[in-house]
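J.: In terms of our numbering, the sequence shown opens at residue 776 and continues consecutively.
In case anyone wonders, no lab produced these hints; they're calculated from the structure.
Treat the numbers as computed from the prediction; the structure is a model and nothing was measured.
Wrong hints could be hidden among the right ones.
[Unchecked claim] Using 25 Å as the maximum straight-line C-alpha spacing, the simulated DMTMM-like pairs for lysine to aspartate or glutamate come out as follows:
no., residue 1, residue 2
1, K1481, E1500
2, K873, D838
3, K1526, D1373
4, K1368, D1194
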Amino acid sequence: MARKRKLRFRNLFLVIFVSYLVVLLLPLVMTGTIYFRSETVVKEQIIDSNQAMLKQMKKTIDDRLDEIEKLSSQIFLDQNTQSLMNTSGALSDAKRLKMVSLLKSYSSYKNITPFIDDFMVYFYNLDYLMTSSKACSPRTYFNYFIQSDQSYESWKQENFLSSHRSGITAHTVLDFKSGESMLCFWTSLLGTAGDVPLGNICIMVREESFEELLSSVEEISGGMAFALDEKGRVIFASPAAEREALPDLSQCTGNGEKVFPMGEQDYVFAYIDSAESGLKYVTAFPEDVLQAKIEYMRQFSQLMLYICAAAALMLILGLTYSNYRPIRDIARQFDGDAEAAEMGAYQYIDHSVQQITRKNRQFQQVLEKHEPLFRANFLRKLISGAVTDPDEISSALESYGIPFSEEADFAVLLIHIEDSSQFMKDNSEKEQNFVRLILQNIGEELAEAAGVGCMTEIEETFCLILNLQTAAQGEAKKAALAVAEEIKKEVERYFGIVMTIAVGGNFGGFRGIWQSYLEACRALDYRLIRGIGTVICADDLKQASSNYYYPTEMEGYLMNFVRSGDYAQAENLLNRLFDENFKTRTLSPSIGKCFFFDMISTAVKLLDSMNTESELVFPDSNPVEELLECGTVGEMQQKLLEIFRQLCEYVNNNKKSHNHQLREEILQYIQKNYADENLSQTMIANHFDISSNYLSNFFHEQTGEKMSAYIARQRVERAKVLLRETDGNMNTIAAAVGFGSDLTLLRVFKKLEGLTPGQYRTQNRKKG
776 MARKRKLRFR NLFLVIFVSY LVVLLLPLVM TGTIYFRSET VVKEQIIDSN QAMLKQMKKT
836 IDDRLDEIEK LSSQIFLDQN TQSLMNTSGA LSDAKRLKMV SLLKSYSSYK NITPFIDDFM
896 VYFYNLDYLM TSSKACSPRT YFNYFIQSDQ SYESWKQENF LSSHRSGITA HTVLDFKSGE
956 SMLCFWTSLL GTAGDVPLGN ICIMVREESF EELLSSVEEI SGGMAFALDE KGRVIFASPA
1016 AEREALPDLS QCTGNGEKVF PMGEQDYVFA YIDSAESGLK YVTAFPEDVL QAKIEYMRQF
1076 SQLMLYICAA AALMLILGLT YSNYRPIRDI ARQFDGDAEA AEMGAYQYID HSVQQITRKN
1136 RQFQQVLEKH EPLFRANFLR KLISGAVTDP DEISSALESY GIPFSEEADF AVLLIHIEDS
1196 SQFMKDNSEK EQNFVRLILQ NIGEELAEAA GVGCMTEIEE TFCLILNLQT AAQGEAKKAA
1256 LAVAEEIKKE VERYFGIVMT IAVGGNFGGF RGIWQSYLEA CRALDYRLIR GIGTVICADD
1316 LKQASSNYYY PTEMEGYLMN FVRSGDYAQA ENLLNRLFDE NFKTRTLSPS IGKCFFFDMI
1376 STAVKLLDSM NTESELVFPD SNPVEELLEC GTVGEMQQKL LEIFRQLCEY VNNNKKSHNH
1436 QLREEILQYI QKNYADENLS QTMIANHFDI SSNYLSNFFH EQTGEKMSAY IARQRVERAK
1496 VLLRETDGNM NTIAAAVGFG SDLTLLRVFK KLEGLTPGQY RTQNRKKG
């Protein structure tokens, strides 16, 4: 058994070692290939480098020669130059003036480029010579500035009397201090007679200037650089160039490289022709330099190959042992297992991995079965703000496959089912689960229009988290509201389920989910005010008023109307109170409930003032309990109207006097004569031929209020119409409704309405 273990472990070590060794062969083969190719590659690179250097040298020198040619053209095109070249005879004063003018022009031409040292212009017909600074005869110039073995006649014939198309020659010019070798660029202006020139221009450049241009080539390549004319003569060269030993390169045309012996060793010559200047540019460097670089590259590659092989072998041994040891330790744990003893290390590991994979798959199936529960629990924590760590939230969202983006805004929709009786017949658990499935599928599918949505349930209220990824900038609120409207429409249309949806505000970041949820909860409470089956947006809720409108005067009017049995007036007053509190103002649900409780207390006060039991007025119901069962403001309003209607009916059925005809005649008379300032109780009693005391008691019994108060209220109601619909001043309105002065109107109006006529007009004009 021990021998089997050792053999198994030894085989495992060899398998790992050979595997790494095979992997090593690939870079070794590649390195060897590079080694054998290095000579060719280095040689090609050096030659390519020389060609690039030659092209750069060609461009630099050609640019300089182009400057020379442009200067020659500029001199020729000068009007004074043209005039003097076409003039013959002795030098007159006019010609000398032109020469003076030319000297100024030539001086500026010379300064065009620092590369050009000087130039000469020879006028053939005048036999006269000019430079940028002087004018003299050719003999004078020869005697003072030319150092040559030639005679004056041969020098003049060669340079000035011959026709030069263009070319470069060399001679020595003295500067009174030391002789300098000059390169001369010649150009002739030919006359109509043929080859006899009208004049010659010589642009002079120090040879040293061209040597400076070639010195960089010498420094880089370690060789020499030349410029040859069409006849193979050296025009200028780098300082270290050996002009006399230069081989014949007349057969070398175009671009290329050749090896020529030069002195005691071979040189590699690289050359290139210039079509612009007609010159050939050449570089030469010893072949030994090329071979030295190749040999250096070969030795360096060989050394790196040995180092890499040795380092790789040591690395293979280390990696083999480090990977072999944990596998060996795992296999040793099963030494007592007969089945493991018969297996190789890799076979047993494969056997163990299969078992672990099978168990992991079973565990994964259990997790997948409970994943909806885990997912819903996580979403509930996220909504309630119990999870705050962004990294933890991101990790959980990724594991549940929820593609929320923290960069986009979040909004929460709370869906409260109001009535599902059309869809759910038995209200069984199966039907409830089906409703949950419907809402989740429809909600998450419709949420795709605005981004990503996930649905969960908290205390029988469905919560849809919207991640508004596709909503445009500034359109997030509209997008969330559109999703809510679409969910409500689809569910009610196809399933008949009535629901109220509250939409929270839009907030950034994962914490924004909790903030939006709190706003949605507050908005859902407003279903008492807005009614069931509506979509309530938290952002649309105004700042809730801290109190409701139900002044003592209004309560007194309402009680008087009920005592007189005038339900029409009572209903009108109640509707005005409802409009003021739930349309003009914004009450919170709790303040709204307080308002209704105050209204029901008025009904209780009426019963008490009439010494009447509640059972007599409401024999079949309990109005307080019924009011508490109402779910919306609309239901409460209808229930209160019904309560006060029953009270008015009871009063009317139990009045002591039923002389309605007299009551209506008195009211009509007041309506007809309210604008009369003298209208009073005595005037009305005289009109109907009854006593004033009887009229007072009768009117109070029939209407529940004093006649003077009734007349004042009618006048105020008419004044309100005039304030709303006309621009008349207070005196005019007071006279039109029967008040003696605007002060009386102000006092009575403020007492009945709680504000001045001017304030009433301002408020109602703004509303209009």
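J.: Going straight from one Cα to the other, do K1526 and D1373 come out at no more than 25 Å?
T.: 22 Å, holds
J.: Would the hint linking K873 and D838 be met if the CA-CA limit is 25 Å?
T.: At roughly 32 Å apart (the allowed maximum being 25 Å), D838 and K873 break the hint.
J.: Within a Cα-Cα threshold of 25 Å, do K1481 and E1500 meet the stated pairing?
T.: 29 Å, violated
J.: Please verify whether K1368 and D1194 have alpha carbons no more than 25 Å apart.
T.: 23 Å, holds
Of the numbered hints given earlier, the model fails hints 1 and 2; all others are met.
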